[in-house]
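Asker: The residues making up each chain are set out below.
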Amino acid sequence: MSLSQTIFDALDSVPLVDPHSHINPRSPASESIADLLGYHYYTELAHSAGMPRERIEEPGISPKEKVSRLFEYLHHINHSVQWSWFVELARELFGFQGETIDRSNWETVFDLAATKMSEPTWEDEVLRKSKVERIFLTNDFDDPLDDFDTYRYVPCLRTDDLVFHLALPQTRERLAKATGFEVTKLSELRHAIGTLFAHFVKYQVRACAISLPPWFTPREVPVVDAAAEASLQRVLAGQANQADRDTVSYWVFWRLAEFCQDTNLPFDLMIGVNRKVYPTGVYQGQDLYDSRWSMIQYADLFNSFPTVRFPISVLASVSNQELVDYAWIFPNVIANGHWWYSNTPTFIRHDLRARIDAIPRNKIIGYYSDAYKLEFILPKYRMFKRILANVLAESIVCERGLSETFAVELGTQLLRGNVDAIFFGHE
Amino acid sequence: MSLSQTIFDALDSVPLVDPHSHINPRSPASESIADLLGYHYYTELAHSAGMPRERIEEPGISPKEKVSRLFEYLHHINHSVQWSWFVELARELFGFQGETIDRSNWETVFDLAATKMSEPTWEDEVLRKSKVERIFLTNDFDDPLDDFDTYRYVPCLRTDDLVFHLALPQTRERLAKATGFEVTKLSELRHAIGTLFAHFVKYQVRACAISLPPWFTPREVPVVDAAAEASLQRVLAGQANQADRDTVSYWVFWRLAEFCQDTNLPFDLMIGVNRKVYPTGVYQGQDLYDSRWSMIQYADLFNSFPTVRFPISVLASVSNQELVDYAWIFPNVIANGHWWYSNTPTFIRHDLRARIDAIPRNKIIGYYSDAYKLEFILPKYRMFKRILANVLAESIVCERGLSETFAVELGTQLLRGNVDAIFFGHE
Amino acid sequence: MSLSQTIFDALDSVPLVDPHSHINPRSPASESIADLLGYHYYTELAHSAGMPRERIEEPGISPKEKVSRLFEYLHHINHSVQWSWFVELARELFGFQGETIDRSNWETVFDLAATKMSEPTWEDEVLRKSKVERIFLTNDFDDPLDDFDTYRYVPCLRTDDLVFHLALPQTRERLAKATGFEVTKLSELRHAIGTLFAHFVKYQVRACAISLPPWFTPREVPVVDAAAEASLQRVLAGQANQADRDTVSYWVFWRLAEFCQDTNLPFDLMIGVNRKVYPTGVYQGQDLYDSRWSMIQYADLFNSFPTVRFPISVLASVSNQELVDYAWIFPNVIANGHWWYSNTPTFIRHDLRARIDAIPRNKIIGYYSDAYKLEFILPKYRMFKRILANVLAESIVCERGLSETFAVELGTQLLRGNVDAIFFGHE
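Line order of the protein sequences matches chains X, R and H. Here our numbering is used: the first residue of the first sequence is 26, the next is one more, and so on. Here our numbering is used: the first residue of the second sequence is 26, the next is one more, and so on. Here our numbering is used: the first residue of the third sequence is 26, the next is one more, and so on.
What the hints contain is simulated information worked out from the structure, not anything from laboratory work. The structure presented is a predicted model; accordingly, all values stated were derived computationally and were not measured. Quick reminder that beta carbons are idealized off the backbone N, C-alpha and C, glycines included. Don't take each hint at face value.
As the list claims (entries may be wrong) - Covered stretches of chain R, going by a simulated chain X footprint (3 or more residues, C-beta under 8 angstroms): (1) 51-57; (2) 322-336; (3) 344-351; (4) 385-391.
One chain only, chain X, in its complex shape (with noise of 0.2 angstroms):
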């Protein structure tokens, strides 16, 4: 057995707390392989691939008619990376014995995992199949938390509604609803952001997030600041331009990390995506990205707050040396898993070795799956093992000449023990 192959056994029987995923935890788990190909990285592929957008989201089609106008474009992805997720959770979670899966016999997992989706223990075998025993949530600030297990689904505040949407009508209504007053100004305003901390701290969050385009550079703007209220007031009354947007969005942003900061919770940042650039693609398959932006847009919140941990993902491996040497440098700043467009072996093994080269390991995150449904957590945890041995086994044990012993505990402190400690304050 090879060196790597002992390494990934070790780490594969590490029990796991998957860091960051989009799981409804009042449907963690899928219905019909529908909801595993409906999945946007499936949908958005499908359709680069020749499909037609209405094709797939033609309102009323049953998951089988869905699925199976899927397969008509899906043997173009059948090389890929998002592919393989698919095969490797058929043959692990539903017992598909095939090598691959196409128009000949997608209908054969259809009914293998319908079959094994309509057993109550469904949501439970998964999880003791993926050996996931927490998983942190994406939650919109208006959650009520009070009807799911918070320590199986484990609340994270999810914030973009509040620092890049408060100039939609809903958004406001949403948060007047979820705190019982109307904002008219800024100290209602930070005193509603504070009332979503307080119920999310009751209900144990772990951490705040929140998604941020390339061209944000977050500045102090201070609690009391008059022309802060004077764009919020024109925000609030439909009239304001893009400046004034920009300063209640750098005002509410100051706020979360002062929140954080007060409730001791780490802020996950997610840098570097522009929302709809392509607006007429499938849902969820419209955002993409301008690479050119730095970590030193965000040195002014590092300075500003060294007590809050900053686990930071980047959606381009161009940016991740930087993430790497902003890690070195800073206390306060951690390097988070493998994000989106840079959730590919390509670029993950790149990453990752350059973050094992060179940061503290109790400042590394390895992995979350970003999942949206719990059948995914497997087949990418997997993935990310694979590479993780692979680099420990290449870095760590044969160019370092550090023993397997080490390398398996460095394995599982970026797989488990990070997560812990950070998140948990399990050091």
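With chain X fixed as given, assemble chains R and H onto it according to the hints.
Answerer: For chains R and H alone, kept in the frame of chain X given last:
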């Protein structure tokens, strides 16, 4: 025999259609190795290593003298991949038997080549040994196209002059001569461009192409637009400023995209080059780049022309992930080859792996030779096929667990199938 | 024995000239391991891993106490390449026999080292074991240069203070003291700089060097220029704005290039660092960067000084391809080592491979130690030589099919030959 060797052997037998070259169809092969070593890759590297430009560009020196002078410096690049192309073609095409070519033995190679090249069947022999069936050209807009075999040498309308050099009187004179009338306003310019397209379509053009500087950010300028009309007038009068020239550039570029749409032509975009950064460099050895640009500059174009296929080449590897991800999302974005400064093994390997990880397989054009002389097609494609075989062995067979047959089929599609489908409509 | 091991062994016997360091020639070796672990690579990583700055920078603590405190945190970096340097030098130079150094056994290493370091031959022993013949320094412009062996410790004129800190009164006082007269106008400033060059030339200076921020875009400011004169006057009067300071910076920088031209000195450019991004970080652990810059910012400089050789270091690996390609085209651009944040195996490997693919072999300076203490030269060069051997085995022998002898000769040229040729004129 290793897995990657087996895959290479299978790929090396695939008949090729080379989708981008600078071959002169009236003189496609070389007359002496001076034609090969006069390729800017060698003259600029010899110059960079210390050879004065005047020495290689002295008027009137014989081919043999030119080669003799180059060999005073070529030992400085005998380790490079560019040099390996020349050694490989000398072995495969001229029957050279030695290991190295240097000051001590270049005349042997010169003479061997001269004998071969003087044979009337040389062009055919090179194509046969290179397994090339058809080769795309880079035709000036005023190329008559009627004096060569357009089956073997596929016309491609190169449009840099129209977009960037309309302010030069000689460009407008060439345009007048090619289309039969003088341009005095936008509507006439549009008509002239349409006439060029009609001419090229008559001769089975298969692509429109352009190379673009990093700052280029195409935007829609309507066919009828008073401001653009005024800019054109100042361009024609020799009184234009940079803003006028840019306006006309964007106006013309948008028209090209419209005509590609109307004529169902793929529009090859080769993005990222700054011209004449080193103006005293050797011929064709003066261009470099600023890698700070983003695919997002083309989002409006991709959104505006959903039916036009855009095979895209990027100059630097730091742009590759954006290319991968835009091709992942936009149906009309296709990753095309490994261009110029990225056509070296380290960047090809990294960039190709990332493409194979994540782009639909029908949207990756593996390679083009970019060759000025037929003899270079063989070693350049060989370099690529070795890397492709290696990447397929590692990514597809070892990592994803797919079969060798699957890997060969995928490689064949990247090498040939997608060229047929994208440029010839053979799905 | 593997091919890369054979190549490594050959390369490891090459006597070195280290072309860039921060060695203090009056105290080149360490007195205790506190001098080694006080290197900012360790203090900043310990701080990043959780150690308060005050704990390591408390005035008056003994070397042993300092080391003791550091070991409370150094286990967080025991996997890193930076730590591997310390373990390797402890084994090779102090005769330490263990596998790991941690809180349980550091005193053994401290005592072993103390014994060694107290021997009068320690400096010579370290140099002999490291196979280093000569080492370039980083001399302040006012360094007297008359109190050390300038054969062993080669003077290098560091010019950051002249270009960036002339607005500080203490810089001007140092300049006045070093040159013997006060600067009150441009012509005097030019004369003062000329005096510094003459002083350094007298002591066999072999390079001029400077580190530059990402925004720096040198432009010609004539020797006599009314606007620059006015800017200098405001700088001298303490009334300058940023534009004045930049003008004076560019004026001085251009003069440095002129003096390098006149004195035939290579001008080392180390491009890309932003100073004090984390101002409350540990000593020398405050600098980071914005990777958004381009070599094109230096095109005017390279074009204006064709006879000045510019060995160039870039801070981030995303700049490496531009460096490769500018060195491919410009005769006076030389790729120099692997600097600071790119001096880790993942980036060295990627960057070195790309350089060996495509740059003339006489224009790649393989490595420099950047060391503050002699003891670091051995492990840093060893790390590089292992990677170099590996890259040569893969790229040159396996991929290009050249011989092992060829690979060793190429490696030797990169390690030593080009330093002799570029800095000492030994072609």
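Asker: If a hint holds in the structure, say so; if it does not, say that too.
Answerer: Structure-based check of each hint:
no., hint, in the structure
1, 51-57, "violated (count 0)"
2, 322-336, "holds (count 4)"
3, 344-351, "holds (count 5)"
4, 385-391, "holds (count 4)"
Comparing the model with each numbered hint stated earlier shows that hint 1 is the single one that does not hold.
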